[in-house]
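S.K.: For reference, the chains in residue letters:
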Amino acid sequence: MPGVGDHVVDMTESFIAIRDALPYLLHGSMVTIGLVCGAMLLGLALGIVLAVGHVYGGQVIRSVVGVYVWFFRGVPLLVLLFLFYFGLFSFLNINLSAFTVAALVLGLISAAYQSQIFRGAILSLPEGQFKAARALGMSDRKSICYIILPQALRLSIPAWSNEYSIVLKDSAVAYALGVMEMMARAHFVASRTYEHFPLYFTAGVMFLILTYLGTRGLGFLEKKVRIPGYAR
Amino acid sequence: MTQTPVLRIEGMTKRYGQKEVLRDASLSVNEGQLKILIGPSGGGKSTLLQCINFLVTPDAGRVWLKGEEIVRTQKKVLYEYRQKLGMIFQDFNLFDHLTALHNVTIGLVRVKGMSKQDARDKAVYELERVGLKDHISKYPAQLSGGQKQRVSIARALAMDPEVMLLDEPTSALDPELISEVLTVIENLRANGMTMVMSTHHMGFAREVADEIVFLEDGHILEVGTPDKIFLNAECDRTRAFCSKILELYGSA
Amino acid sequence: MEEVLFIQHDVIPALWRGMIVSVELIIPSALCGLLIGIVIGVSRVFGNAFLKTLANTYVAIFRGFPLVVQLFIWYFGLPHLGIYLSPYVASVLGFSLCSGAYHSEYVRGALLSIKRGQLLAAQSLGFTKMKMIASVVLPQAFRRALPGCGNEIIYLIKYSSLAYMITCIELTGEGKIIASETFKYTEIFLIVGIVYLLLTSVASWVLHRIENRLRLPGFDNYGL
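From first to last, the protein sequence lines are chains A, B and C. Note that the numbering used here gives residue 226 to position 220 of the first sequence, counting from 1, and the numbers run on in steps of one. Note that the numbering used here gives residue 154 to position 144 of the second sequence, counting from 1, and the numbers run on in steps of one. Note that the numbering used here gives residue 60 to position 58 of the third sequence, counting from 1, and the numbers run on in steps of one.
Same shape as in the complex, but just chain A (with noise of 0.2 Å):
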């Protein structure tokens, strides 16, 4: 066991260590980048599909929103990354590198949550948005892409900036299949140099960063196409 003398000279040690493995954390952070925006993105399609099925389908579409919901909030991410990437896609012959799984995986679980805010979104329109929509002779596809859509994804912003946190942390996961992102990088080199603590510690402060700039910019977002007057 190290004295106390020892840490003072492992401060030093540490700092040099943080600074050698920098540029190749920053490499990291855009995977990491790229892992969370594919993900949010793939999110934003599906969750807006899913959201729009289960507020405005019938039933079986309905049910089967539901059982999609229910699965993918109730099944651990480690566990469905393990399905899909060892399991499923290799049983069907699919090769995707583990990014693409990863990506894939948080998009699909991050679908299931957006989902939720966006059908909180739309069932919180007045229903006479609908109304007129169809008065004017919109068939309901285009009342829901021209009317409901853009009011109701507006509303959704600061919990999908929120959601935008979540999948950032859960990123960090995607370590387990290989995937070099920011977390297997300090990892990566913490095993090298032994410079456990800093490095985590430096993961750590570069994950609250991108949280930090993501949040910053979708409430910039937000205040960009806040409708004028319109209080809620």
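To be clear, the hints were calculated from the coordinates, so they are not data collected in a lab. For each residue, glycine too, the CB sits at the ideal point set by N, CA and C. Take these hints with a grain of salt, some might be off.
[Stated by the list, open to error] For the chain B half of the interface with chain A, some residues (derived, Cβ under 7 Å), not all of them:
id : residue
1  : Asp-69
2  : Met-124
3  : Ser-147
4  : Pro-171
[Claimed, not checked] Label pairs and their in silico Cβ distance ranges:
id : chain 1 : residue 1 : chain 2 : residue 2 : range
5  : A       : Phe-77    : B       : Lys-122   : 54 to 60 Å
6  : C       : Arg-217   : B       : Asp-220   : 56 to 62 Å
7  : B       : Glu-20    : A       : Gly-134   : 26 to 32 Å
8  : A       : Val-55    : B       : Glu-20    : 38 to 44 Å
9  : A       : Gly-134   : B       : Asp-220   : 24 to 30 Å
10 : A       : Gly-134   : C       : Ile-9     : 53 to 59 Å
Guided by the hints, dock chains B and C onto chain A, whose structure is given.
M.R.: Showing chains B and C alone in chain A's frame:
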């Protein structure tokens, strides 16, 4: 003199669970006519109007527009039919995320397939007609109730409707804003627009309606000229309703 | 036939073993997490400036760092400082500290929702600050915080699978081992997934029961 009515409905019936809110209502509206539905709240006026363009699906009933029956199960027929009926709602139902201008253009562009520039020109023209030239780039939340209702009238007019349906267009408005909307409606009538309107404004009804329809408990009890309904109603219920209204508001 | 025997003799005992470990991870973590959440939440609302800053920093870090990073810090990082934890202890520590930060959010929200009049009434009865918090505020806030905290426990059940990443062999870990031996990844992980679904479903059922049990007549409407 027989004239094909612009709009004819027959046997409109609507039930919510056990409650029959509309029973076997029939109506025909001629070119340029203003028909006004009166009657107690919850009497079925709103349901009748919304059944006419199938925003509420009736349990029974048939509709003809210019002599042609509307088969509402055919989506394309239904959507085209709705374009020909302008609908004005009690609480405006402007699209909250769009400016006054875009509230008017969206139907032209997305439903009628008009070019953006043509739609814009037409929308500006319609908004000018209802006296909102200076407000075209405002959002609904920045407009007063009267202005909102006039935007919604412009939105409906822009679609070049054959008939306008107005569901208590003034009852969500502050008293001082009511006249600006009623003036617009009077102008429409003067220009020969065919309209069916429900209202609680007996004075307005008496002055401008061609025919008054009295609805109670989902039944059309009596139809007639304003003078007949207000002074000489055949039905006791109509008389009772009118005298109560007269008592409440003085001159009818 | 071989399949059935295989499932009976190998898969079920292994997954059962794993599930026991998972439950042994979840229950202490949930309890410690809740305790930490209450302490931190109370500090954030009633503490002095120093305590508030400390608690807020705690929450910012433990909610902001990914749980995997936290687990790695406890398991691989602490030995750097001369502290060695077993995978199990490191997992429970990591889960407790992280979910404590989340719990504190709900506790804080619940505390802030207690009306000022309640505090004035307690003070006028001569309660000390500690006594007031313990006997007036917490019993009410607990009920308000319950749905959020319950949700957090459901999350904990799912996130307990991450213990596998620091070599604590629980349900996911046992599944991974068996699957690697037999190459039946799809089947095994589907079963593992279903077990988690069962665990979360049972937990949310129990939490619902507790919520109903503790419901005070009319409490939701006007805060008693």
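S.K.: Hint by hint, say whether it matches the structure.
M.R.: Now for the hints, and whether the structure bears them out:
Interface hint at Asp-69 of chain B: violated, since its Cβ lies 19 Å from the closest Cβ of chain A, which is beyond the 7 Å cut-off. The interface hint given for Met-124 of chain B is violated, since its Cβ lies 13 Å from the closest Cβ of chain A, which is over the 7 Å cut-off. The criterion of a C-beta within 7 Å of any C-beta in chain A is not met by Ser-147 of chain B, whose closest approach is roughly 10 Å, and the hint is violated. Of the supplied interface hints, the one on Pro-171 of chain B is violated, with its beta-carbon coming no nearer than about 10 Å to a beta-carbon of chain A, more than 7 Å.
Distance hint check for Phe-77 of chain A and Lys-122 of chain B: the Cβ-Cβ separation is about 43 Å, which falls outside the suggested range of 54 to 60 Å. The hinted window of 56 to 62 Å between Arg-217 of chain C and Asp-220 of chain B holds, with their beta carbons roughly 60 Å apart. For the pair Glu-20 of chain B and Gly-134 of chain A, the supplied restraint of 26 to 32 Å holds, since their beta-carbon distance comes to about 28 Å. Take Val-55 of chain A and Glu-20 of chain B: their Cβ atoms lie about 41 Å apart, and the range 38 to 44 Å holds.
The supplied range of 24 to 30 Å is met by Gly-134 of chain A and Asp-220 of chain B, whose beta-carbon atoms lie about 29 Å from each other. Roughly 57 Å separates the CB atoms of Gly-134 of chain A and Ile-9 of chain C, a value that falls within the hinted 53 to 59 Å.
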